[in-house]
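Visitor: Here are the chains, one letter per residue:
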Amino acid sequence: MRERITRREQLAGMAFAAPYLIGVAAFLVYPLAMSLYYSFCNYSMLQPAIWIGWTNYRHLLTDHAFHTALWNTIIYAAISVPFTLALSLLLALLLNQPVRSAGIYRTIVFMPSLVPLVASALIWQWLFNADKGLINAALRPMLHTLGRRILAPLAGALGAGQATVESLRHITAPVWLGDPHWAMAAIIFISFWGVGQTVVIFLAGLQDVPRELHEAAEMDGAGAIHRFFHITLPMLSPVIFFNLIMGIIGSWQIFDVPYVMTGGGPGRSTLFYSMYIFEAAFNQLRMGPACAMAWIQLLIILFLTALAFASARKWVYYA
Amino acid sequence: MEAQESSRFARAAHRVAIAMVAIGAAAMFVFGDRPSTHILPDGAPIHHRVVVSYWEEWTGFEGRAMEHIVNEFNTSQHHIFINMVEVSNVNIKTLISTAGGDPPDLVTIWSGIMGQFISYHALTSLDTLVRHHVVTDHTFVPFAWKLCAPYGRLYGLPATTDPNALYWNKLLFAKAGLNPNKPPTTLKQLADMAARLTVIKPDGTIQRAGFLPMEPNWYASDWGIYFGNHIYNFKTGYFRIDTPQELAAYRWLQSFSKRLGYQEVDSFQSGFGQFNSPLNPFIDGQVAMELQGPFLANFINRNNPELVGHYGVAPFPTSFGPPGAATFGDCDIWVIPWGAKHVKAALQVLKFFIQQKNLEYLNDKQAKPSPLMKTSAQYIRRNPNPYIRVFDRISRNPNVQSLPPSPIWPRVNLQMTVMANRIWMGASVIDQLRHAQFLADQWVQRENHLAKLRIKQELRR
Amino acid sequence: MNRKQRLLTHLLLLLAAAAYAAPLLWMIDTSLKREVQAVQIPPVIIPHPLRWQNYRHVLGDPQFDFSLFARNTLIIASLSALGAMLSSSLVAYSLAKIRWRGRGLVFGIVLASMMIPFPVFMVPLYRIFRELGWIGTNLPLWVPAFFGIPFFIFLLRQFYLTIPRELSEAALMDGCSHFGIWWRIMLPLTRPALLVVGLFSFMGAWNNFLGPLVYLTHQSSFTLSVALQVYQSRSGGTSYNLLMAASVLIIAPVLVLFFLAQKTFIRGIATTGLK
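Protein chains in written order, with this note's numbering: chain A, 1 to 319; chain B, 1001 to 1461; chain C, 2001 to 2275.
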């Protein structure tokens, strides 16, 4: 049955939504259209924009730094998103155990997610300092023993060459932010530190799983692991889905931590997508390529989200 | 149960609301109203003056030197007030604010960004100063003038000059059995001495390095100069990167990391203290020789006075001639951004800044050579840099090269730094140079292409 | 759970807690050391003597005018919170409680716009703010909050939907206007949810980095996040003990707010993930 919408209701509804409707026009639709337009222009903001067709997009095809930024972001998203999801689910399961002072543990795990990212970046930059940082200070003696006592004798016993054994004896701590691969690893690692909010969402989801289901399954003799995969996980799938979407959107926009911590280096090994857009737009005033890249970013995110939604039919279970 | 829970929740929420309001009110109260920053040094407020906003990059005592001149100006007359602010990342901040239509009236920028600023129409021309004979092309040392007026029109005035030279630690030379008064005169000698000065700890890590081309890391794109390369072709606007000279330069750079192991050096370097601290690697003796600007002398005076008198400065060796046959010079430049609101007043300020007395005061305090052709005897005497004569000679050397006034130099510079890093980590030198050359050519072509399209469109209009 | 399991759980929890707390503790630790002690190898665990002067040094640094930056941040954060609460609840009310043509479409836009990355808007918004003469002021950072934040609209709409229709319908019958219902019934009923919105937008503004980095061109209008980055990257550099002290100063207010509002926080975050 369709209810009749009175004129008064229609006006009231639109009036209440007016701030957003104006906002959509001013801060969403118009900028979106302008950004699309500029992506086909040569534009520095100091001179009028001129139309240059597909040139910006064509140039991006052969822009090495752009490829690096795209690739780095793909790597980051592909590793960080699933691992943070798994880690926060594990943490949530652990924190959901009925033990004493569980609240304190939860608070401790949650706190880092409140720390402004600029501060996080500085804290970790200091921790990852190759020479004076806490992480390598702890790693060095461990690696020393590991190399001399375990790896080298083991390799020797397995008949490895003299050079290999010798290099294993002198295994050293990574230089982290000074090494292209380890710098990326460090930035991914930092994303694990800020999972607090995801953990809390999972915790809430876990508490919504009906106790009776678990009890019934236990009576049927199902083990803990069986129950996790057949009850907890399906019941939790909408929450996992939500966190997945948020993770995808967030990881493609990573900016603060690498900008402050490495500035994209060493080389270009931690140059991420949003950083390169920022660099093009505000360090070089190349607004055209910046907008073109931003639109490509938008399309990638939309595509990945659509993919997630399409797959959701197969694995997300709505009670 | 549920109801009780939610009412507890509501009460908690109430508490939070009160707390938030309290924090806000407290903060407003504590931080209170700020007095206007527009106050003369003697505390008197200003009335009816044009306020010229001025951004200065240097902080600390270097910033204080500029502040002194600003105060002199503010008390010398009654029409203009300079509001000086110390701004970090001043080049980028100026570019963004100029694009945003809200630039400062006057700003000190780095010479390497001049080409980009000029080509983007981000600067106000200062030709009126030439027309009124305030400055001529003989007022300043040639390389500084060339940076300010690269294409004939004047866009800035030099504030300070930063020619580079070799610093060496005499104490460490003596310790290593070298003659402390004989710096290397060839690059080969420099490498040999560096090897003798290097100390490795028993566990294989570095305790002291003789010389590290990547310390400090801000000259990573300039090494070709000492091998006789001229990186920029002023006529065509193209770059020369994959030349035999650059090849030799970066092979030379790589030889240091090959000898010491780049991982070892990297770990060693990450332990260096900040530039302005007693833990600066040259100042505390972790590195025996460095290529540096004149300002380092000031930081030695401040952070380790015991080193004063025990270090030397000389022109950097070259591969093809005596030391100084080619050198590098940098510059801080005063510019008026495009769209500045008080151009006339800013010009007045500039006229004051470049008076001999003021420029010499500023460069004295920053331990740099003055950019003026004319120098007074007392400026050399007063300068805290014991080697000011060495630097002064370098900055007047006709062989001094400076950063290319190309609109894409910041990008090429960044790429060359990336390239130097990769070469340092062991990448093939020739491949890296070719790649950088390819990119630089591509950028120049694209820039030219876009400029052509722009002209065509403007003609059609 | 038997004893062995309980022991294992506690062990794992302790490990996790240690891993998550260590960076913050090390930050505080470093902030209380002299520079020479901070870079000592092997690291000194307990700073001796406790160097509180670091904090005085940071607070007294003319380059890091903490009270000014804190004030700037506070103003932006408070106004953002206020704007987000007012506008988002209005819009959410319209979407949840008023029947009008087009509301489905508007809700669709709300959902879709959450996915659009900020860089897409960055350049054109800069242009718009320039035309408005807002570059260099803090307006670009809080005015948009008064036009509704999609995420919060979504959140509040879900809350409003849980409130029985009869309540608002009865009030309508009694001649109450929609505005009256929103103001007198809905806002008080959903105060916790509204507070969540306020808190989140406050925190978002406090932690925002890219926005202020782009729009705030004058040092005197910087927020704490940008100021911290500037403090790190200034000429000559800043040593780690001072950087850590500055970081503590910036993190502390957020953590205080969190401890005052722990429940609201956790509740709020928990609800975002549901449905």
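These are computed hints drawn from the structure, not numbers from a lab.
Remember, it's a predicted structure, so these values are computed and weren't measured experimentally.
Virtual Cβ for every residue (Gly too), placed ideally from N, Cα, C.
Errors might be hidden in some of the hints.
Computed cross-link-like contacts, EDC-like style, restricted to lysine to aspartate or glutamate with a CA-CA straight-line distance of at most 20 Å [stated by the list, open to error]:
#1 B/K1258 <-> B/D1284
#2 A/K132 <-> C/D2065
#3 A/K132 <-> B/E1264
The calculated label-pair distances, taken between Cβ atoms and stated as ranges, are [to be verified]:
#4 C/R2191 <-> A/L93: 27 to 35 Å
#5 A/R58 <-> B/N1233: 23 to 31 Å
#6 C/V2044 <-> B/D1192: 52 to 60 Å
#7 B/R1251 <-> A/T62: 41 to 49 Å
#8 A/L93 <-> B/F1438: 34 to 42 Å
#9 B/N1233 <-> C/L2111: 25 to 33 Å
#10 C/I2163 <-> A/L36: 35 to 43 Å
#11 C/I2163 <-> A/D208: 18 to 26 Å
#12 A/D208 <-> C/F2179: 55 to 63 Å
#13 A/L36 <-> C/A2019: 53 to 61 Å
#14 B/G1285 <-> A/H144: 25 to 33 Å
#15 A/R58 <-> C/R2191: 24 to 32 Å
#16 C/L2007 <-> A/A78: 30 to 38 Å
Visitor: Does each hint fit the structure? Answer for all of them.
Guide: To see whether the hints hold, each was checked on the structure:
Of the pairs offered as hints, the one joining B/K1258 and B/D1284 is violated, with about 25 Å between alpha carbons and a cut-off of 20 Å exceeded. Simply put, A/K132 and C/D2065 have alpha-carbon atoms about 29 Å apart, too far for the 20 Å limit, and the pair is violated. At roughly 14 Å between alpha-carbon atoms, A/K132 and B/E1264 fall within 20 Å of each other, so this suggested pair holds. A hinted range of 27 to 35 Å holds for the C-beta pair C/R2191 and A/L93, which are about 33 Å apart.
Roughly 27 Å separates the CB atoms of A/R58 and B/N1233, a value that falls within the hinted 23 to 31 Å. Judged by the Cβ atoms, the range 52 to 60 Å given for C/V2044 and B/D1192 is violated: they are separated by roughly 39 Å. Judged by the Cβ atoms, the range 41 to 49 Å given for B/R1251 and A/T62 is violated: they are separated by roughly 28 Å. The hinted range of 34 to 42 Å is not satisfied by A/L93 and B/F1438, whose Cβ atoms lie roughly 52 Å apart.
Look at B/N1233 against C/L2111: about 55 Å separates their beta carbons, and that is not inside 25 to 33 Å. Take C/I2163 and A/L36: their Cβ atoms lie about 40 Å apart, and the range 35 to 43 Å holds. Take C/I2163 and A/D208: their Cβ atoms lie about 20 Å apart, and the range 18 to 26 Å holds. Evaluation of the 55 to 63 Å hint for A/D208 and C/F2179 yields a failure: the beta carbon distance comes to about 35 Å.
Checked against the hint of 53 to 61 Å, the C-beta distance between A/L36 and C/A2019 comes to roughly 45 Å, which is inconsistent with it. Between B/G1285 and A/H144 the C-beta distance comes to about 27 Å, which sits within the given range of 25 to 33 Å. For A/R58 and C/R2191, the hinted distance range of 24 to 32 Å is not satisfied, since their beta carbons lie about 55 Å from each other. The beta-carbon spacing between C/L2007 and A/A78, approximately 37 Å, falls within the hinted interval of 30 to 38 Å.
The structure does not agree with the numbered hints 1, 2, 6, 7, 8, 9, 12, 13, 15 stated previously, though it agrees with the rest.
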